[in-house]
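Asks: Sequence:
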Amino acid sequence: MEPGDIVTIATRKLVGDAAPERHGLGIVHLDEAVVVVDKPAGLLSMGSDREKLKTAYRILNEHLKALTKSPMQQAFIVHRLDRETSGLMMFARNESMRAAIQRNWKSVTKKYLAVVAGVPSISQGTLRDHLLESRSFKVHRVDHGGELAITHYRVIETHGDKSLLELTLETGRKNQIRVQLAAAGHPIVGDRKYGERIDPVGRLALHSCELKFCHPISGIPMEFRSSLPGRLKVLVRERRVARAR
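All letters in the sequence shown, in the order written, are residues 3 to 247 by this note's numbering.
Don't read these hints as lab results, they were simulated from the structure.
The reader is advised that the hints may include incorrect statements.
Stated by the list, open to error - Listed next, with one range per pair, are the computed distances between beta-carbon atoms:
no., residue 1, residue 2, range
1, 144, 69, 37 to 47 Å
2, 236, 69, 27 to 37 Å
3, 85, 136, 10 to 20 Å
Yeah, the Cβ is synthetic: ideal placement off N, Cα and C, and Gly gets one too.
Taking the hints into account, I'd like the entire structure generated from these sequences.
Replies: Below, the structure is given as structure tokens:
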């Protein structure tokens with residue numbers, strides 16, 4: 003197995019057949035309370051002023067309406083991923099389920115994989131910063147004010163001038179991982195917004211790889227994992243081969 007090659011290890015209660023992938027969106031789990039999807043990079047989580055149609059939210063809603071044959075079916079967003087970030091995200095099937103999940107949001111485990119520039123001097127640690135969003139919608143680290151952001155990281159592998167990190171969110175601020183890693187001197191590969199000039203695979207090298215939570219109805223622990231996408235595996239594999247040579 004390659005670094006980041008991980009599989010879903012949860013009992014799935016499916017409602018009908020799993021949807022075929024549309025715009026790269028994969029439905030990982032679907033039951034009467036929650037939906038877990040695997041979002042590709044480049045797809046919005048929900049609509050914006052510029053794009054309202056090609057979003058994970060709309061694609062999922064269209065599938066649920068077709069699956070249940072009910073035009074009233076609607077998914078409810080529990081959290082979001084940046085457009086440039088791929089991987090697992092969760093939706094609720096109704097407002098009460100969303101409220102139940104969000105009440106226990108601190109107990110939800112959210113892990114990411116990222117390929118970053120450079121090699122951290124400490125192989126495992128915690129990033130603590132205060133973040134503030136500017137009027138231009140860019141997030142900055144600040145010394146005073148802002149919101150506390152906490153991210154735990156672990157170096158999985160190093161490859162020359164790049165590293166593969168596993169990141170666990172303790173808080174969920176906008177662009178949190180991207181801003182904190184850039185501020186630490188290790189911007190994510192492909193993250194032009196936050197200072198990384200190198201973009202060898204044409205996308206941000208950040209992937210939501212794990213979600214762990216207790217089911218809002220049954221209370222049963224659930225765990226979903228998603229492997230590193232092919233384009234990001236190339237970053238790791240190429241550097242491993244180069245080092246072997």
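Asks: Just pull the numbers of the violated hints for me, sorted ascending.
Replies: Per hint list: zero violations.
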